[in-house]
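*Asks:* Just need the whole structure built from these sequences, with the hints factored in.
Chains as they are written, first to last, in full-length UniProt numbering: chain X, 1 to 543; chain Y, 1 to 351.
Worth flagging that the hints you see were computed from the coordinates, not collected in a lab.
These numbers come from a predicted model, not from an experiment.
Treat the hints with care, as some may be off.
Unchecked claim - Incomplete in silico selection of chain X near chain Y, CB under 7 Å:
{"#": "1", "residue": "L18"}
{"#": "2", "residue": "A20"}
{"#": "3", "residue": "I44"}
{"#": "4", "residue": "A45"}
{"#": "5", "residue": "G94"}
{"#": "6", "residue": "E95"}
{"#": "7", "residue": "L99"}
{"#": "8", "residue": "L107"}
Note that CB positions come from ideal geometry on N, CA and C, so glycine has one too.
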Amino acid sequence: MNQLSPPRWVTPLYIAALAAALAVLGTILFMGISRNPWPLDGDIADVTINLGGTPVREHCTSCHPEGSTATGSPHPDIAPHETAELGCTGCHLGEGMALDLVVSHGLPGNGARAILKKKDIQASCYRCHPLQPLAGAEKAWNGYRLYLQKGCDSCHPLAGLQQSGRYAPDLTAVGDHLGIDQLVTAIREPGREPVNSTMPRYPLSKRQARNIALFLKSRTARPLFQTPLAQLQKKSLLQPDDLFPGSEQLSPGQALLQRKRCIACHRYNRDDGRIGPDLSYSGLLRTGTYLADFPGDPTALIGGARMPAIRLTAAEQRLLVTELRQNADRLQQTRLTKAVEGRDLYMLLCQRCHAADGNGLGPIAANLAQMPRAFANNRNFFAGKSDKELQQSLAQGIPGTSMPGFARLLSPERREMLLDLLFKAFIGGGRYAKRRLPELPPKPEFALPAAAGQQLFQQYCIRCHGRSGTGRGPDAARLRLQPSPRNLTNTGYIVSRSDNQLLRAITYGVPGTAMPPWLGELDEQQIWALLREVRRLSVGEQP
Amino acid sequence: MNGPQRNFLDHLHPARVRLRSLHPKTTLGLGIAAMTCLGILLITGLTLLLYYLPDQQRAYERILHLTTTLRFGTLLRNLHYLAGNALLILAVLHLARVALTAGYRGRRLNWCYGLLMLFLIFAGAFTGYLLPWDQLAYWALKVGSSLADYLPLLGHPLKVFLLGGEEIGAETLLRAFAIHAAVVPCGLVGLAGLHLWRVRRDGGLATPCETPAELPARPWLYRAEGSVALITLTVLLLLALWLNAPLGERADPGHPPNPAKAPWYFVGFQEMVSYSATWGGVIVPSLMILFLALLPWLDRRERGGGRWLAPGARPWQLLLMLMLCSQLVFIAIGLWCRGPNWSWIWPPGGG
Numbered sequence: 001m002n003q004l005s006p007p008r009w010v011t012p013l014y015i016a017a018l019a020a021a022l023a024v025l026g027t028i029l030f031m032g033i034s035r036n037p038w039p040l041d042g043d044i045a046d047v048t049i050n051l052g053g054t055p056v057r058e059h060c061t062s063c064h065p066e067g068s069t070a071t072g073s074p075h076p077d078i079a080p081h082e083t084a085e086l087g088c089t090g091c092h093l094g095e096g097m098a099l100d101l102v103v104s105h106g107l108p109g110n111g112a113r114a115i116l117k118k119k120d121i122q123a124s125c126y127r128c129h130p131l132q133p134l135a136g137a138e139k140a141w142n143g144y145r146l147y148l149q150k151g152c153d154s155c156h157p158l159a160g161l162q163q164s165g166r167y168a169p170d171l172t173a174v175g176d177h178l179g180i181d182q183l184v185t186a187i188r189e190p191g192r193e194p195v196n197s198t199m200p201r202y203p204l205s206k207r208q209a210r211n212i213a214l215f216l217k218s219r220t221a222r223p224l225f226q227t228p229l230a231q232l233q234k235k236s237l238l239q240p241d242d243l244f245p246g247s248e249q250l251s252p253g254q255a256l257l258q259r260k261r262c263i264a265c266h267r268y269n270r271d272d273g274r275i276g277p278d279l280s281y282s283g284l285l286r287t288g289t290y291l292a293d294f295p296g297d298p299t300a301l302i303g304g305a306r307m308p309a310i311r312l313t314a315a316e317q318r319l320l321v322t323e324l325r326q327n328a329d330r331l332q333q334t335r336l337t338k339a340v341e342g343r344d345l346y347m348l349l350c351q352r353c354h355a356a357d358g359n360g361l362g363p364i365a366a367n368l369a370q371m372p373r374a375f376a377n378n379r380n381f382f383a384g385k386s387d388k389e390l391q392q393s394l395a396q397g398i399p400g401t402s403m404p405g406f407a408r409l410l411s412p413e414r415r416e417m418l419l420d421l422l423f424k425a426f427i428g429g430g431r432y433a434k435r436r437l438p439e440l441p442p443k444p445e446f447a448l449p450a451a452a453g454q455q456l457f458q459q460y461c462i463r464c465h466g467r468s469g470t471g472r473g474p475d476a477a478r479l480r481l482q483p484s485p486r487n488l489t490n491t492g493y494i495v496s497r498s499d500n501q502l503l504r505a506i507t508y509g510v511p512g513t514a515m516p517p518w519l520g521e522l523d524e525q526q527i528w529a530l531l532r533e534v535r536r537l538s539v540g541e542q543p
Numbered sequence: 001m002n003g004p005q006r007n008f009l010d011h012l013h014p015a016r017v018r019l020r021s022l023h024p025k026t027t028l029g030l031g032i033a034a035m036t037c038l039g040i041l042l043i044t045g046l047t048l049l050l051y052y053l054p055d056q057q058r059a060y061e062r063i064l065h066l067t068t069t070l071r072f073g074t075l076l077r078n079l080h081y082l083a084g085n086a087l088l089i090l091a092v093l094h095l096a097r098v099a100l101t102a103g104y105r106g107r108r109l110n111w112c113y114g115l116l117m118l119f120l121i122f123a124g125a126f127t128g129y130l131l132p133w134d135q136l137a138y139w140a141l142k143v144g145s146s147l148a149d150y151l152p153l154l155g156h157p158l159k160v161f162l163l164g165g166e167e168i169g170a171e172t173l174l175r176a177f178a179i180h181a182a183v184v185p186c187g188l189v190g191l192a193g194l195h196l197w198r199v200r201r202d203g204g205l206a207t208p209c210e211t212p213a214e215l216p217a218r219p220w221l222y223r224a225e226g227s228v229a230l231i232t233l234t235v236l237l238l239l240a241l242w243l244n245a246p247l248g249e250r251a252d253p254g255h256p257p258n259p260a261k262a263p264w265y266f267v268g269f270q271e272m273v274s275y276s277a278t279w280g281g282v283i284v285p286s287l288m289i290l291f292l293a294l295l296p297w298l299d300r301r302e303r304g305g306g307r308w309l310a311p312g313a314r315p316w317q318l319l320l321m322l323m324l325c326s327q328l329v330f331i332a333i334g335l336w337c338r339g340p341n342w343s344w345i346w347p348p349g350g351g
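*Replies:* Here is the structure:
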């Protein structure tokens, strides 16, 4: 047999590997045994408490003996509660099973288990206590009142409230998912996450937002210390009787506007929610049927309106219409007669949407379904509109949008005055200096099939107008287009436009917007096919 | 020569080995390193088993308890996590080594055992990812299981079987635990035994020429294997001191992180699916699995295995390397160059 000499490297390698492994293992064992893994000396407290039938295990008192703070100051007296009975995480949250400076106080992120300290601890009171004024929980109670006063319940479902809308995420268990800081952010900056959120930015102070967050943090799916029977009894949240202080002095109509949370968003005389349009004059801007029908189904009258549906009985509808009508009549006689100049009228009636400097970015513009037309720096657009069209828009409004008709509120002279002002102050270039409009493509002899129109739409239009034509295509959000692309499913608006108007927009684009002219790219047949497709989308017809 | 004392290990080893088999260049020690990882996984896993509870409410707390209060708890969890990932990598590298040396020639059955083990390793890593029941785990599993949906025929039943239903829930945790702590270890140990036994039956390591065995296995083969195992153990121990196994917040089914990424070894598929669901999710993965399963049959030669880049197998070896490298690139892109809404981020990790 061919006996070879064994390789020389095997044994040294083996010895070296063995030595290294033993060294590492020894070091680790030595380090682990000689050093305490937990930060404080002493034993780990391992407490199991019974929270409403659920055993909860905690190590908190290892570092916080008898509930003292990190600096050693003792836990305040919380009689009739007892720390020994309640444990720590029931109220303070955090991760009781962790013994680590970071994790045990709740990891950042959603902050669902972030520790509640000091004043924030009141966020836990209403987890078990029924919603009524409670000593020490004033901020959370104030948060609940604000929640109702600001009409959060008009959109967000919340278990226990007699009526709540179903237009926004359910907040019944929001306390299990988000921390207080995250809730404050969600209230104050609704568009941050998700970016397509339709929640308006409420004019709330930081403190108000925090109070609401303290209340919302108490909404959990599994409150501790509650037998199922107690939960059943407490299912309906009590609405405070004095939700709107001073409401006894209001007329029935005003009280209705307050009770139905209209004023939480809209302006009405002196009250201003700073979210929606001014209702003070709406009695003369809209018809009685419009006003009666609108709250029950806003999107039917203004496509894409963000207002939630507010259910009104027939009697309430009548009361609402009468109240708005009387109020508008009164203001027409008083405040509007005092407004002599066009400028005063503009500031009273137009600036809320079109902005004081006419750029279309008024205080509530962001909350409207369609951005108001800009006057300033938009001369090209107005030079393409005949004076008659403009007069008509001002007098009759623009169907399907928030633009009302002013025919009943303002006399023809005053409307002329307003139009003159728009051109003088914002648009420029003279009211009658119109540009000659190019010819529109004639209707082709042979129309393309409907399927071709759909295909063209999917090819050229969806980047801005979206696949279903709602005006929410990927580029609309990505490029932050202003004004936002037209919502083509807005039946009221599209139906009110003539074929020529739509054809002009498609063929030559819309000045002052991102809508480009398509004439070079598409031929007449294709443009007419697109027109047909837009008409189809606007009435929601199936292809 | 061999002494009169014999032990169990002698059954697994031949009496004599070739000098070539001992040389590091021949096998790179990948198989032994993988076996060491498997051993570490079994030992650490059995320890973790003492503390873990597959319950939606408790699992996360148990992990916190384990890692923060127990002596060596963090180390144990880190070691288990690292050994699991190392096993995955080593197994793939071992597969590549066998393919590149055409070691499967005449040993098709053992190639299939190896593939089955690779499948089990993936299953173990994937189910283990879920057990802490934190945000990372929950959403990675959500993405991973929806990737399974793209596979034709088998994909959906596989997903339902893994999740114990259409959606991730309490059943999923129990099922993942059962698969992770019972099915996978038993399967791996059994298959590993078969795998080793086949190597022994097939005459030790594949060699290109029929030279007779020259050296006594004892002590030389034992020492060489021992070196690899000890080095693997040392490296893993050192890494476990530095690298912490990730742990996120408690799982919250209502709040996905953006972007939600699959476990790293499936991020390559996620990246491919982001280009095309049909190509990236169905056709390419199916072809890859098919190719791996059929590789010993595609290369028709029966002999001449055991030499790096053995003639006759080079086109297939090239294809395999292309496949593995492209996966690496896709994984790197998915891990470091993808931000919210799977948007491109450059430079990597920025944004």
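*Asks:* Which numbered hints turn out to be false for this structure?
*Replies:* 4, 5
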